[in-house]
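The residues making up each chain are set out below.
Protein chains: 2
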Amino acid sequence: MESAIPPHLQVKRTRHRRVPDDYQPPYPAFVARHRPAVERVVMAYFGLQYRGDPPAACAAALDWIAKTFAAAGGPKHWDRARYVDEAGYTNLLFVAYWDDQKIFDTWFPPAREGWTGAKSNFAGLGTFIEVLSPSVNDYETLFSSLGRPEGIAVLADSLSGDVMEHAYWGGMRDRIPKSQINDMAPDGAPSILRDGDRVRVKPHDNICLIRSGQDWSDTEASERKMYLDDVEPVLRAGMDFLRDEGRSVNCFANRYMMVLDRTGRPTEKSYGMSWWKSLAALERWSESHPTHVRIFGAAMKYLSSLGPAAKLRLYHEVTVARTADQLFEYRNCHDRTGMLNAVTA
Amino acid sequence: MESAIPPHLQVKRTRHRRVPDDYQPPYPAFVARHRPAVERVVMAYFGLQYRGDPPAACAAALDWIAKTFAAAGGPKHWDRARYVDEAGYTNLLFVAYWDDQKIFDTWFPPAREGWTGAKSNFAGLGTFIEVLSPSVNDYETLFSSLGRPEGIAVLADSLSGDVMEHAYWGGMRDRIPKSQINDMAPDGAPSILRDGDRVRVKPHDNICLIRSGQDWSDTEASERKMYLDDVEPVLRAGMDFLRDEGRSVNCFANRYMMVLDRTGRPTEKSYGMSWWKSLAALERWSESHPTHVRIFGAAMKYLSSLGPAAKLRLYHEVTVARTADQLFEYRNCHDRTGMLNAVTA
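Sequence lines, in order, name chains F and C. One point on numbering: in the working numbering, the residue at position 51 of the first sequence is 51, and numbering is uninterrupted. One point on numbering: in the working numbering, the residue at position 296 of the second sequence is 296, and numbering is uninterrupted.
Only chain F is shown next, with the shape it has when bound in the complex (with noise of 0.2 Å):
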């Protein structure tokens, strides 16, 4: 048992771990190490919008990500994804990560300009880039399993042994070296800034983004069936309801995605991604909505009736970011796309 605060990030305590020191959880759970020489992430959101059929600009756009992705000081390892937002758009992300930020930084300028930019050149398209940059200790990872990473954990040098801080209603503030000494407060609202055609969102201090995934791919017939029938079905409600009326519990944006494989189409993959006010806003969803308790029930009486035998994998990655490592970036977009959605609810 480990703490999944690695020992080069612990610090002298001003705030208590919710459980106790001999805490047990009642089954394992991985979080991603990176080589401590890793101080802070970057985990960039481009996204491209279109309503009906795909534009032919489409097609350019996505050469214009393989190729702008594949450049010197690229992310060293990104993913595609795809859902139907609230007001009908077909929406793909291309979520893209580096564990360097100076790689980052001089990666990111022309591509900026190429997607959201002056130089952005993609006829019907909505385009729009969603930025975290955290230092290590203002996020943390989550895994059911090992030997499958995803998100920023591919990037890691490796995935932990079994850590302590789960299985308990804040266990994921606990997971982020942050909460030893700081109550992750947020300040401030968010705000827009208009640039010609890009609409920019002044974020606030602390605000919270959660990708939490699930994969289903190694699940066979009648654990299949049961993830399908009883379990995907709640998780799509609770989706549906921060998508549609998240803005009652702080949710600023929601996004149901499907991962899509390097030929665009689907895989049995998906993760929801959401924008909060703060993870206190998150805490109190996850503990407390129904719409979220009954996507626990589910996943408890799944994952009990099943026991270790489960094959469904399901992990996920939670930053509390500062203000000045966030980046919200719209061009041609709707006017309730991602984080607008903040400012115009």
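Be careful, since some hints might not be right.
Identical chains blur together in the list; that is why a pair holds if it fits in one copy or across any two.
Claimed, not checked - EDC-like cross-link-like pairs, simulated, lysine to aspartate or glutamate; straight-line CA separation at most 20 Å:
#	residue 1	residue 2
1	269	232
2	102	335
3	301	287
4	277	21
5	76	53
6	277	22
Rather than coming from a laboratory, the hints here were simulated on the basis of the structure.
Please build the complex by placing chain C on the supplied structure of chain F, with the hints as guidance.
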């Protein structure tokens, strides 16, 4: 909105509350308010047990209880309840409350001698006494509605206005004044002391007691049916789990009691009463064990479908007691009675 911790018990914190200062619970709840002069209360459970039909001594025991409780220095409030335990014995519990320990200390010695001591004379009955005498820093209460206090709250001056610390996991801990500066970790393990016919349990520091009750006497047709058909069976299953398998989650003993009226007939009130190794053990079961997740899910569904129109009344009282504030004494009881379970398990 007020804190569950009254101003005269607020101290400079060394431990944080789990929710931010701007937390707003989604529905109201209330706590008992004693006058500031009350420093310590007493919660005394007098029990008797028998198997099969009540022996002749049962009537004498009931008379003894009524007379002894009515004597000078007797409890300000008491109630009675019944259940059949895991060994098939019927148990009657008479729960008595004081808000002045000096008065209790004068009253108690002869009562103790008459019930579990040398002067006890109830042939065919087991008798037992379980007492906590916590400081007002060491326990909390919670009520879903005003107007009908139960348990220790009957002795309070009033119920509070809407309190802040509820409707989130961890609220129970945050309502106990001691949580401001103390993690309430258990220290030691219970052991048995034999004294002739009496068996005492030598307790450990920071044992936890919860009495958690429901009152459906005000419910009408459809709500009553929903409580009895959808909630009560799930509650009962959880209570049965704690009774039969509680040791696996550090619950020493659980009694799911039916409250009786003054003539001994069942009312439309019940409560679960359980002894736990620690507050943390109670927190873990409540938050994550499938049996309580189902109770919570059923209660959430019930309350969210009825909203403020719900007539079901819910309350609880939770104490974390120092060793010096505990007494457990059993005479002619079977060896899985109450806290004896903590040792024989």
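Check residue 277 against residue 22 for me: Cα-Cα at most 20 Å, and say if that holds within a copy, between copies, both or neither.
between (33 Å within a copy, 13 Å between copies)
At most 20 Å between CA atoms: does that hold for residue 277 and residue 21 within a copy, between copies, both, or neither?
Only across copies: residue 277 and residue 21 sit 15 Å apart there, 31 Å inside one copy, limit 20 Å.
20 Å Cα threshold - placement of residue 335 relative to residue 102
Result: close neither inside a copy nor across copies, 32 Å intra and 69 Å inter.
At most 20 Å between C-alpha atoms: does residue 76 with residue 53 qualify within a copy, between copies, both, or neither?
neither (31 Å within a copy, 76 Å between copies)
Is it within, between, both or neither when you check residue 269 against residue 232 at 20 Å Cα-Cα?
within (11 Å within a copy, 39 Å between copies)
Using 20 Å as the alpha-carbon threshold, which applies to residue 301 and residue 287: within, between, both, or neither?
both (17 Å within a copy, 14 Å between copies)
Comparing the model with each earlier hint shows violations of hints 2, 5; every other hint is respected.
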